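Novice: Sequence:
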Amino acid sequence: MSLSIVKSVLSGGVIEIAPRGEIDVDTAYEVREAIAEVLAKGRPTRIELNMRLVTFIDSVGISAMVAGFQTAEVSGVKLVVTEPSRFVHRQLWVTGLLGLFGAPEPYYAGAPAPEVLPGA
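Per UniProt numbering, the very first residue in the sequence shown carries number 1; after that it's consecutive.
Source of the hints: derived by calculation from the structure; they are not laboratory data. Model, not experiment: these values are computed from the prediction. Among the clues, some could well be false.
[As the list claims (entries may be wrong)] For lysine to aspartate or glutamate, the following EDC-like pairs were computed, each having C-alpha atoms within a straight-line distance of at most 16 Å:
1) Lys41 / Glu16
2) Lys78 / Glu16
3) Lys7 / Glu33
4) Lys7 / Glu37
5) Lys7 / Glu30
Could you put the whole structure together from the sequences, leaning on the hints where they help?
Specialist: In structure tokens:
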């Protein structure tokens with residue numbers, strides 16, 4: 001399986017990077033490049049790496065995420081993971097890196113959307 005990456009501008013100057021597919025030795029560079037490209041175009045308030053559609057990630061993919069986190073941090077931008085698939089969540093937990101990326105809860109298809117309180 002290949003990897004595709006969609007970048008979106010969210011409210012508040014947040015950039016979402018949403019990979020889809022497998023992040024492995026053959027595709028990990030694409031994640032690093034996507035983060036670097038966002039940072040080269042400006043300074044977003046935050047980068048959200050939406051991992052909901054990632055079906056597999058290996059150690060090289062995890063390393064690419066850490067490198068992206070470090071690149072963003074040097075630029076003064078916070079990079080967080082949002083909606084990790086169960087597989088990605090488990091890999092981040094096993095490697096002890098879940099907290100580094102904001103300790104996101106795993107994405108469950110069909111789960112109700114989190115309730116947003118007024119004024120939150």
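Novice: Lys78 and Glu16 were given as a pair; does the straight-line alpha-carbon distance stay at or below 16 Å?
Specialist: holds (12 Å)
Novice: Quick one, are Lys7 and Glu37 close enough, alpha carbons at most 16 Å?
Specialist: holds (10 Å)
Novice: Between the alpha carbons of Lys7 and Glu30, is the straight-line distance 16 Å or under?
Specialist: Judged against 16 Å, a Cα distance of about 12 Å means the pair holds.
Novice: Going straight from one Cα to the other, do Lys7 and Glu33 come out at no more than 16 Å?
Specialist: holds (12 Å)
Novice: Given the proposed pairing of Lys41 with Glu16, does the C-alpha separation stay at or below 16 Å?
Specialist: The given pair, whose Cα atoms are some 14 Å apart, holds under the 16 Å limit.
The structure shown violates none of the earlier numbered hints.
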